[in-house]
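K.L.:
So the sequences go chain by chain: S and F. Each residue of the first sequence is one higher than the one before, starting from 105 at the first, in this note's numbering. Each residue of the second sequence is one higher than the one before, starting from 105 at the first, in this note's numbering.
Honestly, the hints are just simulated from the structure, not real lab data. Check the hints yourself; a few may be wrong.
A pair holds if it fits inside one copy or across any two, identical chains being indistinguishable in the list.
Straight-line alpha carbon distances no greater than 27 angstroms define the calculated DSSO-like cross-link-like pairs of lysine-lysine that follow [stated by the list, open to error]: (1) Lys218 <-> Lys343; (2) Lys343 <-> Lys175; (3) Lys312 <-> Lys175; (4) Lys360 <-> Lys319; (5) Lys260 <-> Lys210.
There are 2 protein chains.
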Amino acid sequence: MIYTYLNNSFVEEDKAFLHVSDLSIQRGYGIFDFFRVMDSYPLFIEDYLERLYVSAKEMHLNIPYEPAQLKEIIFELIRRNNLPLSGIKVILTGGYSPDGYQLADKANLIMLQKAMSFPSAEFPSEGIKIITHEYLRDKPHVKTINYVVGIWIQNKVLEKKAADVLYHYKDEVSEFPRCNFFIVKHDNTVVTPGDNILEGVTRKHVLKLAAQKYKVQIGTVTLDDVLQAREAFLTSTSKRIVPITQTDDHIIGDGKPGRVTAELFQDLVRLENVERAKALTK
Amino acid sequence: MIYTYLNNSFVEEDKAFLHVSDLSIQRGYGIFDFFRVMDSYPLFIEDYLERLYVSAKEMHLNIPYEPAQLKEIIFELIRRNNLPLSGIKVILTGGYSPDGYQLADKANLIMLQKAMSFPSAEFPSEGIKIITHEYLRDKPHVKTINYVVGIWIQNKVLEKKAADVLYHYKDEVSEFPRCNFFIVKHDNTVVTPGDNILEGVTRKHVLKLAAQKYKVQIGTVTLDDVLQAREAFLTSTSKRIVPITQTDDHIIGDGKPGRVTAELFQDLVRLENVERAKALTK
Chain S
105 MIYTYLNNSF VEEDKAFLHV SDLSIQRGYG IFDFFRVMDS YPLFIEDYLE
155 RLYVSAKEMH LNIPYEPAQL KEIIFELIRR NNLPLSGIKV ILTGGYSPDG
205 YQLADKANLI MLQKAMSFPS AEFPSEGIKI ITHEYLRDKP HVKTINYVVG
255 IWIQNKVLEK KAADVLYHYK DEVSEFPRCN FFIVKHDNTV VTPGDNILEG
305 VTRKHVLKLA AQKYKVQIGT VTLDDVLQAR EAFLTSTSKR IVPITQTDDH
355 IIGDGKPGRV TAELFQDLVR LENVERAKAL TK
Chain F
105 MIYTYLNNSF VEEDKAFLHV SDLSIQRGYG IFDFFRVMDS YPLFIEDYLE
155 RLYVSAKEMH LNIPYEPAQL KEIIFELIRR NNLPLSGIKV ILTGGYSPDG
205 YQLADKANLI MLQKAMSFPS AEFPSEGIKI ITHEYLRDKP HVKTINYVVG
255 IWIQNKVLEK KAADVLYHYK DEVSEFPRCN FFIVKHDNTV VTPGDNILEG
305 VTRKHVLKLA AQKYKVQIGT VTLDDVLQAR EAFLTSTSKR IVPITQTDDH
355 IIGDGKPGRV TAELFQDLVR LENVERAKAL TK
């Protein structure tokens, strides 16, 4: 049996319900975070929890536990569910609103765990195609549950036989609905947008790894920069690093996954192994 | 006992729950509409239902009933609940998503009725203060459930002792989180923004009423136009017409509710009475 943690207790997954007065249902109001569980260990958990508390604070939501308590509940969820390879999503909503608009005194907290397969630790031999779409996210630096545009545009992504959609606004690219974006210039400089993005945990680690070997820039990336790039890739919690070889009708570089991307991929897999080893020796 | 309609049946209000896999909880994905019930009659119901179906279609959601069937369910809800003065909210969510991102095959439909008091049919003797905030809504022309910014900013609205917040972007004003905005120029021209707004049903009726007596413009309204206006007001389903006499630190006109605003208010109340009389004679 799989358990979901709801507010203050473990309930069977198929019995986890919220009343329709919840502010997520009424007004799409909530925040969340998501992390990978490998070998029953929540990878980079400290990073994700830190971001969760920042998102909650920014959106005037109160997490009813201290980080250490919340972490303990997460470990208990992992013990109970025994899903060694999985993802855990923590959602915090605006709670049961008295009038369908006002924030409730108490947020609703949900923790869901789901078995998941993650991409192999082999670097992919093919890149993906992406499309672009003009859109400026609300509060991009906060991990709110608002994915209205991301989900709405899925039809178009599939229709164009693309794997994802890169947002830009007034010519500056920002991010994907659920992933960060990087390019590699011809001089090997690794560049990622700095504004209008959610600062991904995988992005953070990739930036650190890149800085050990390459010049790194965090700043403006225009649509033209993307066309001129030698390599491009995305980073995400569930996908690690995915090489991008086509954007709309334009082939990036030589149309093959790039050398720098491959190197960062190997470095990230290595970092994950170090992190898991640390956990095992605890 | 108050009933809520959930998907295909009437349930007791406090037993209306959605599973946490619903896409409104997972990703803030859904649409809704809201209308007034007076003397047990849903005022301007045809307008609201028309907009609901347009919103659903735009967001790739399927309402499992024809408009005539849905209307029948609404009348049945009104009969059962016996709340002659109330509001009904219809919400349609992305449904129970298999992976927390994909739209479900079936949307979840919720209809909630709540007793409500509406403002009196007397024109208010005082106007309200509003503040302004730079923000461009996602898909403003669709009534999605996304009110992340509107709710987030409520603290600031209260702190500034204001009644509401008017969005603008790059100097052009658009609307309030839940209301439309109008100004009256010194030559009596009634002006309302035409872009980046949700086309309110009350806005539509007020535009028609205004056109019978005044010059009407639907188009760009800048922040400076607001400062120069002789009168300003908002329109909404639950508030009818509310005169605005202060925006941020600026007093509008002579600081009193305006003559044109008062006239439109009376005309709207009269239109409501005609609509209710029509319903009673059916």
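K.L.:
Against each hint, give a clear statement of whether it holds in the structure.
P.N.:
Taking the hints in turn, this is what the structure says about them:
1. For the identical chains of this complex, Lys218 and Lys343 are intra-copy neighbours only, at 16 angstroms inside a copy versus 45 angstroms across copies, given an alpha-carbon limit of 27 angstroms.
2. Proximity of Lys343 and Lys175 under a CA criterion of 27 angstroms is satisfied intra-copy only: 23 angstroms inside one chain copy versus 46 angstroms between copies.
3. For the identical chains of this complex, Lys312 and Lys175 are intra-copy neighbours only, at 25 angstroms inside a copy versus 58 angstroms across copies, given an alpha-carbon limit of 27 angstroms.
4. Proximity of Lys360 to Lys319 under the C-alpha cut-off of 27 angstroms is restricted to the intra-copy arrangement: shortest distance 22 angstroms within a copy versus 61 angstroms between copies.
5. For the identical chains of this complex, Lys260 and Lys210 are inter-copy neighbours only, at 20 angstroms across copies versus 38 angstroms inside a copy, given an alpha-carbon limit of 27 angstroms.
Violated hints are absent here; each numbered hint is respected by the structure.
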